[in-house]
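Mind docking chain B with the ligand on chain A? Use the hints.
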Amino acid sequence: MSESRPRTLFDKVWDSHVVETLPDGTCILYIDRHLVHEVTSPQAFEGLRMAGRKVRRPDATIAVVDHNVPTTDRRLGIAEPESRLQVETLEHNVAEFGVPYVPLLSARQGIVHIIGPELGISLPGGTIVCGDSHTSTHGALGALAFGIGTSEVEHVLATQTLLQKPAKNMLVRVDGTLGAGCTAKDIVLAIIGRIGTAGGTGHVIEYAGAAIRALDMAGRMTVCNMTIEAGARAGMIAPDDTTFAYVRGKPYAPKDAAFAQAVAWWRTLPSDPGAVYDRTVVMDAADIAPQVTWGTSPETVVPITGAVPDPAAEPDAARRAQMQRMLDYMALSPGQRMQDVTIDAVFIGSCTNGRIEDLRAAAAIARGRHVAPGVRAMVVPGSGLVKQQAEAEGLDRILTQAGFEWREAGCSMCLGMNPDKLAPGQRCASTSNRNFEGRQGPGGRTHLLSPAMAAAAAVAGRLSDVREMAWREMA
Amino acid sequence: MMDKFTTLTAVAAPLPLANVDTDKIIPARFLKTIKRTGLGVHLFDTLRYDADGKERAEFVLNSEPYRHAEILVAFENFGCGSSREHAPWALLDFGIRCVIAPDFADIFHSNCFKNGILPVRLPHEVCAMLMDDARMGGNARLTVDLARQVVVRPNGEEIPFEIDPFRRHLLLEGLDDIGQTLQHAQNIDGYEARRATEQSWLPAITAQA
Ligand code: SF4
Numbered sequence: 001m002s003e004s005r006p007r008t009l010f011d012k013v014w015d016s017h018v019v020e021t022l023p024d025g026t027c028i029l030y031i032d033r034h035l036v037h038e039v040t041s042p043q044a045f046e047g048l049r050m051a052g053r054k055v056r057r058p059d060a061t062i063a064v065v066d067h068n069v070p071t072t073d074r075r076l077g078i079a080e081p082e083s084r085l086q087v088e089t090l091e092h093n094v095a096e097f098g099v100p101y102v103p104l105l106s107a108r109q110g111i112v113h114i115i116g117p118e119l120g121i122s123l124p125g126g127t128i129v130c131g132d133s134h135t136s137t138h139g140a141l142g143a144l145a146f147g148i149g150t151s152e153v154e155h156v157l158a159t160q161t162l163l164q165k166p167a168k169n170m171l172v173r174v175d176g177t178l179g180a181g182c183t184a185k186d187i188v189l190a191i192i193g194r195i196g197t198a199g200g201t202g203h204v205i206e207y208a209g210a211a212i213r214a215l216d217m218a219g220r221m222t223v224c225n226m227t228i229e230a231g232a233r234a235g236m237i238a239p240d241d242t243t244f245a246y247v248r249g250k251p252y253a254p255k256d257a258a259f260a261q262a263v264a265w266w267r268t269l270p271s272d273p274g275a276v277y278d279r280t281v282v283m284d285a286a287d288i289a290p291q292v293t294w295g296t297s298p299e300t301v302v303p304i305t306g307a308v309p310d311p312a313a314e315p316d317a318a319r320r321a322q323m324q325r326m327l328d329y330m331a332l333s334p335g336q337r338m339q340d341v342t343i344d345a346v347f348i349g350s351c352t353n354g355r356i357e358d359l360r361a362a363a364a365i366a367r368g369r370h371v372a373p374g375v376r377a378m379v380v381p382g383s384g385l386v387k388q389q390a391e392a393e394g395l396d397r398i399l400t401q402a403g404f405e406w407r408e409a410g411c412s413m414c415l416g417m418n419p420d421k422l423a424p425g426q427r428c429a430s431t432s433n434r435n436f437e438g439r440q441g442p443g444g445r446t447h448l449l450s451p452a453m454a455a456a457a458a459v460a461g462r463l464s465d466v467r468e469m470a471w472r473e474m475a
Numbered sequence: 001m002m003d004k005f006t007t008l009t010a011v012a013a014p015l016p017l018a019n020v021d022t023d024k025i026i027p028a029r030f031l032k033t034i035k036r037t038g039l040g041v042h043l044f045d046t047l048r049y050d051a052d053g054k055e056r057a058e059f060v061l062n063s064e065p066y067r068h069a070e071i072l073v074a075f076e077n078f079g080c081g082s083s084r085e086h087a088p089w090a091l092l093d094f095g096i097r098c099v100i101a102p103d104f105a106d107i108f109h110s111n112c113f114k115n116g117i118l119p120v121r122l123p124h125e126v127c128a129m130l131m132d133d134a135r136m137g138g139n140a141r142l143t144v145d146l147a148r149q150v151v152v153r154p155n156g157e158e159i160p161f162e163i164d165p166f167r168r169h170l171l172l173e174g175l176d177d178i179g180q181t182l183q184h185a186q187n188i189d190g191y192e193a194r195r196a197t198e199q200s201w202l203p204a205i206t207a208q209a
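Order-wise, the sequence lines are chains A and B. Numbering follows our numbering, with no gaps: position 97 of the first sequence is 97. Numbering follows our numbering, with no gaps: position 172 of the second sequence is 172.
If we strip away everything but chain A, and leave its shape as in the complex, we get:
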């Protein structure tokens, strides 16, 4: 690597973490932060145990339970025996290997990708991994953050490194200003609609442009979160004053003089002028309307003003068959207006949209309105701290008065590993990130959209254009 070549944000973070480059170009990459949860770690700890290995850096590791946990009163314990076994297995493992752990009953418990940034564990310029594909979320801070498999979890636990080859650089620049009622979720859905679910494969995506700069940290995390849905393992946004203001004062963040030192380094990270990207995509935020998916892949996205596409218009036979299969599964017909699609359930939460800003956006729509008859609407804060904050602001009362359920923190209906699931055939407006067949429960049908759009769907009983609904900002 030559220091004179203009480098991207990704290049800089990568270069500063290479321990050694092996003859074939594979790098031993040092990992600063390793986040662990109950679903993808049991076999990794078991592997360590069988090989007689230790956790190399417990002080760079943190564990939490999120995927399996009930979102009702947790003092009652976990009824489902297999879920309970996974949680107990993690508790046993963190005790045996000395790994810091956020217990289920702690106010700091929550979805791993919400609590990492919220606690100041995820920091700019670092390498962050977790046995979970949505680790891309943490790239919003200007970190290189990506999901890994369980064998790699074991590799990081044992060595604090990973064997990796550098990714290619891709720039997604979103210029201009978002219209009213449009959000970070709409930006990222529009990007995925544009480049496709394999559009970023092999790349790290850097998001830039005026519309990205204008986003708060919650919005930036929403965008980076869904990067994996575009096929890229990591998304990154250059750290700036918005980032530093967010990090300052977080429980595990550096303090005082150490913070100043850190900021001095973080300021050197943004891509150099003239840095070269392997691929560039440019969009204008002004063209982005509120988005909603119609199919069972996140790339099957249309503006809420649009209609279900017609497979007959698709020239490629394999794609046509796939579209038809999606329409059959989703029980939609070609040409049907998205705003005519009625729903049975609403899920507001997940690591994509379970932050306080998301709950404020939902409450702004819910205030003074009521969930439509026959619709079950659920709000699941992303963490205990988000829940506390929301309750301090009275959002829980606004939402429950409007007929929403108010839950404890966890992954919940994002993937239905806990009791929160769709019944077969139920249709859900969801702020989560995946609309795959059966993702929210076997036979369940998912439409991805923003928190404001989800709340609008809840009160209307069908997919609706939030821009036609008056709302109050909850500043």
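None of these hints come from the bench; they were simulated from the model. Hints may contain errors.
Pairwise CB distance ranges (calculated) [as the list claims (entries may be wrong)]:
# : chain 1 : residue 1 : chain 2 : residue 2 : range
1 : A       : 317       : B       : 95        : 50 to 60 Å
2 : B       : 95        : A       : 257       : 55 to 65 Å
3 : A       : 98        : B       : 172       : 34 to 44 Å
4 : A       : 331       : B       : 52        : 18 to 28 Å
Calculated pairs, BS3-like style, for lysine-lysine (alpha carbon to alpha carbon, straight line, at most 25 Å) [as the list claims (entries may be wrong)]:
#  : chain 1 : residue 1 : chain 2 : residue 2
5  : B       : 54        : B       : 32
6  : A       : 255       : A       : 12
7  : A       : 165       : A       : 12
8  : B       : 4         : A       : 165
9  : B       : 54        : A       : 54
10 : B       : 35        : B       : 4
Just so it is clear, the structure is predicted and the values come from calculations on it, not from any experiment. Where is the CB? At the ideal position from N, CA and C, for every residue including glycine.
Leaving out everything else, chain B with the ligand in the frame of chain A:
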């Protein structure tokens, strides 16, 4: 720990779908295990069984000879979605040692190698051709030769494929990544010591901050 992969001659199952996501390979409700084994019966669960748990006759792995398939041929973006290593574990537990597709999602691709499964990338037209071979059933076996980096069709035609040399080496030898990396432990120590001075501001994570 990992089985070597050298040469495999086996029945190949055609799965003519693109974007086969990991939820499809193994739905989330089966991730509650704390073991790596036993997931094969749930491989492709929703495609394979109906709501009553009965086998769907039309699904390829429910018919002979594909119940014994060790190779899978599919289309673009195989293994997209979640990082769950349960996906390769389920394939392996069923008996699949090789997946052939035009391209793979990154995490799934790397998870395969860690479990002794060989993902082979070949252009769409070639996959379509192999898919036709696979449709011929038990008499039409494919051979995947990792040492020579070729797929041999039933008619004897050899199709070369590319693969990362480091990954190929580990698969051929059945080597464990961690053992490999730990041979470089001194360099990791050195890196850590240097970073501890240069970035002394980076806090340690403790049970309570
Ligand atoms: S909220 Fe959903 S996407 Fe996020 S970590 Fe949990 S299960 Fe995965």
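(message) Please check whether residue 317 of chain A and residue 95 of chain B have a Cβ separation lying inside 50 to 60 Å.
(response) violated (31 Å)
(request) Hint says 18 to 28 Å; check whether the CB-CB distance for residue 331 of chain A and residue 52 of chain B agrees. (result) Hint holds: Cβ distance 21 Å, inside 18 to 28 Å.
(request) With a cut-off of 25 Å on the C-alpha distance, tell me whether residue 165 of chain A and residue 12 of chain A pass. (result) holds (15 Å)
(message) Quick check: does the Cβ-Cβ distance between residue 98 of chain A and residue 172 of chain B fall within 34 to 44 Å?
(response) holds (37 Å)
(message) Run the distance test for residue 255 of chain A versus residue 12 of chain A: straight-line Cα separation, threshold 25 Å.
(response) Distance of about 24 Å is within 25 Å: holds.
(message) Does residue 54 of chain A sit within 25 Å of residue 54 of chain B, going by the straight-line distance between their CA atoms?
(response) violated (44 Å)
(request) Assess, step by step, whether the Cα of residue 35 of chain B is no farther than 25 Å from the Cα of residue 4 of chain B, and give holds or violated. (result) At roughly 21 Å apart (the allowed maximum being 25 Å), residue 4 of chain B and residue 35 of chain B satisfy the hint.
(request) Mind checking the alpha carbons of residue 4 of chain B and residue 165 of chain A for me, to see if they're no more than 25 Å apart? (result) OK: residue 4 of chain B and residue 165 of chain A at ~23 Å, within 25 Å.
(message) Checking one constraint from the list: CA of residue 54 of chain B to CA of residue 32 of chain B, max 25 Å. Satisfied?
(response) holds (22 Å)
(message) Quick check on a hinted range of 55 to 65 Å for residue 95 of chain B and residue 257 of chain A, using CB atoms only.
(response) Holds - the Cβ-Cβ distance for residue 95 of chain B and residue 257 of chain A, about 59 Å, lies within 55 to 65 Å.
The structure is inconsistent with the numbered hints 1, 9, although it conforms to all the rest.
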